[in-house]
Amino acid sequence: MGFKNSLEWQIGSVKSEAIAFLTHGCFLTGQRERYLVVYPFANIILNGQLSNNPSFSNFRKGEVFIFCNFRPYKACRPDLLAFSSKGDIFLIEGKQRANKNQSSALGILKEGVGELERYSRFLREFSNESNNDPYKYWSDVYYNCYVKNPKHGFPKLDEFVRNSISIQGMDKIKSLFRKINSNLGQGNILYGLAFNDHEDQESFFPLDSFDLMSEVKYKSIPPKGIKKYGYNSIDAAKIYRIIDNIWNERLGQLFLFGIDKQLDTFRILERIG
645 MGFKNSLEWQ
655 IGSVKSEAIA
665 FLTHGCFLTG
675 QRERYLVVYP
685 FANIILNGQL
695 SNNPSFSNFR
705 KGEVFIFCNF
715 RPYKACRPDL
725 LAFSSKGDIF
735 LIEGKQRANK
745 NQSSALGILK
755 EGVGELERYS
765 RFLREFSNES
775 NNDPYKYWSD
785 VYYNCYVKNP
795 KHGFPKLDEF
805 VRNSISIQGM
815 DKIKSLFRKI
825 NSNLGQGNIL
835 YGLAFNDHED
845 QESFFPLDSF
855 DLMSEVKYKS
865 IPPKGIKKYG
875 YNSIDAAKIY
885 RIIDNIWNER
895 LGQLFLFGID
905 KQLDTFRILE
915 RIG
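Under my numbering, the sequence shown is numbered contiguously, ending at residue 917.
In case anyone wonders, no lab produced these hints; they're calculated from the structure.
Among the hints, erroneous ones may be present.
Stated by the list, open to error - The calculated lysine to aspartate or glutamate pairs, modelled on EDC-like cross-linking and capped at a C-alpha distance of 16 Å, are: (1) 754 with 859; (2) 780 with 755; (3) 818 with 784; (4) 795 with 855; (5) 871 with 844; (6) 705 with 661; (7) 871 with 904; (8) 659 with 908; (9) 792 with 803; (10) 730 with 707; (11) 871 with 843; (12) 816 with 893; (13) 863 with 852; (14) 730 with 815; (15) 744 with 843; (16) 718 with 784; (17) 868 with 844; (18) 818 with 777; (19) 648 with 859; (20) 818 with 803; (21) 792 with 802; (22) 792 with 859; (23) 872 with 843; (24) 868 with 904.
Stated by the list, open to error - Pairwise CB distance ranges, derived in the manner of DEER restraints: (25) 826 with 788: 19 to 25 Å; (26) 864 with 758: 29 to 35 Å; (27) 843 with 659: 21 to 27 Å; (28) 772 with 844: 41 to 47 Å; (29) 744 with 815: 50 to 56 Å; (30) 869 with 765: 37 to 43 Å; (31) 897 with 721: 18 to 24 Å; (32) 893 with 659: 33 to 39 Å; (33) 882 with 816: 43 to 49 Å; (34) 843 with 890: 21 to 27 Å.
Note that beta-carbon positions come from the ideal geometry of N, C-alpha and C, so glycine has one too.
With the sequences and hints as input, model every part of the structure.
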């Protein structure tokens, strides 16, 4: 039981215990943005690959932990919430390009912008509700997401944080969540819209060679594989113009990331705001 018996962990999509995530049976065949974009980008962030950018200088290796699909409310489930040991917040939505025309592909990215704006509003509401005792509120939601169901099996929040970053002592952990909660309430958030850049054929591999948790019925990639359509065939300037026209710059800076799962690399297409 627990996340280490999940397909996500065993095939190396999630590569660190500093990523709290929810297992999903359609991981390979349904909501494939987790496979192609969300988890690869989470690994990139944890490896400190963003820290050379001044906006992400505190997101250094060993100083970051990440919640995937953290759910303070039913309608709020951001793909990635990354936190630095200094209390910085990075909110990310990941999108994959389906086998559709260019207009539809750009429409998927526009949906991601709307989700970022909506989740930002919900998270600020959660921050306001949590003001009296931030750590308790965050710990309760974390528990319900990642600990309560044994198929996820993550440690409690204080242990998860201690294992992820260089922090010791409950007082310091509580202080960190007061800082995180304050930054949320003040709208001090970095935003990212990430999408798959790589175009290729994802090959089939059998699942019977993995020791998987019995409660999750994983669906396998079809034997003929799945064609993956990336966004690198669309002019970056066109992507920028579409997103720039709809992003609410009062929220802060939005970064557009292209993710190459095969190479564990990323590119920053543009910064808006």
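We went through each hint and held it up to the structure:
1. 754 with 859: violated (35 Å)
2. 780 with 755: violated (32 Å)
3. 818 with 784: With a Cα-Cα distance of about 13 Å, the restraint between residue 818 and residue 784 holds, given a limit of 16 Å.
4. 795 with 855: Holds: residue 795 and residue 855 sit about 13 Å apart, inside 16 Å.
5. 871 with 844: holds (6 Å)
6. 705 with 661: Roughly 13 Å separates the two Cα atoms, so the pair holds.
7. 871 with 904: Roughly 15 Å separates the two Cα atoms, so the pair holds.
8. 659 with 908: holds (12 Å)
9. 792 with 803: Distance of about 15 Å is within 16 Å: holds.
10. 730 with 707: holds (8 Å)
11. 871 with 843: holds (8 Å)
12. 816 with 893: It is violated: about 33 Å lies between the C-alpha atoms, which goes past 16 Å.
13. 863 with 852: holds (11 Å)
14. 730 with 815: At roughly 15 Å apart (the allowed maximum being 16 Å), residue 815 and residue 730 satisfy the hint.
15. 744 with 843: holds (13 Å)
16. 718 with 784: At roughly 15 Å apart (the allowed maximum being 16 Å), residue 784 and residue 718 satisfy the hint.
17. 868 with 844: OK: residue 868 and residue 844 at ~13 Å, within 16 Å.
18. 818 with 777: Given pair residue 818, residue 777 holds - Cα atoms ~9 Å apart, limit 16 Å.
19. 648 with 859: Holds - the C-alpha atoms of residue 859 and residue 648 are around 13 Å apart, at most 16 Å.
20. 818 with 803: Cα-Cα ~12 Å, so holds.
21. 792 with 802: The hint holds at about 15 Å.
22. 792 with 859: Holds: residue 792 and residue 859 sit about 14 Å apart, inside 16 Å.
23. 872 with 843: holds (5 Å)
24. 868 with 904: violated (22 Å)
25. 826 with 788: 19 to 25 Å: Since residue 826 and residue 788 have Cβ atoms about 23 Å apart, the given range 19 to 25 Å holds.
26. 864 with 758: 29 to 35 Å: Hint holds: Cβ distance 32 Å, inside 29 to 35 Å.
27. 843 with 659: 21 to 27 Å: holds (23 Å)
28. 772 with 844: 41 to 47 Å: holds (45 Å)
29. 744 with 815: 50 to 56 Å: The hint (50 to 56 Å, Cβ to Cβ) holds, given that residue 744 and residue 815 are roughly 51 Å apart.
30. 869 with 765: 37 to 43 Å: Cβ of residue 869 to Cβ of residue 765: about 39 Å, so the range 37 to 43 Å holds.
31. 897 with 721: 18 to 24 Å: holds (23 Å)
32. 893 with 659: 33 to 39 Å: Given about 34 Å between the Cβ atoms, the range holds.
33. 882 with 816: 43 to 49 Å: holds (46 Å)
34. 843 with 890: 21 to 27 Å: Distance hint for residue 843, residue 890 holds at roughly 25 Å.
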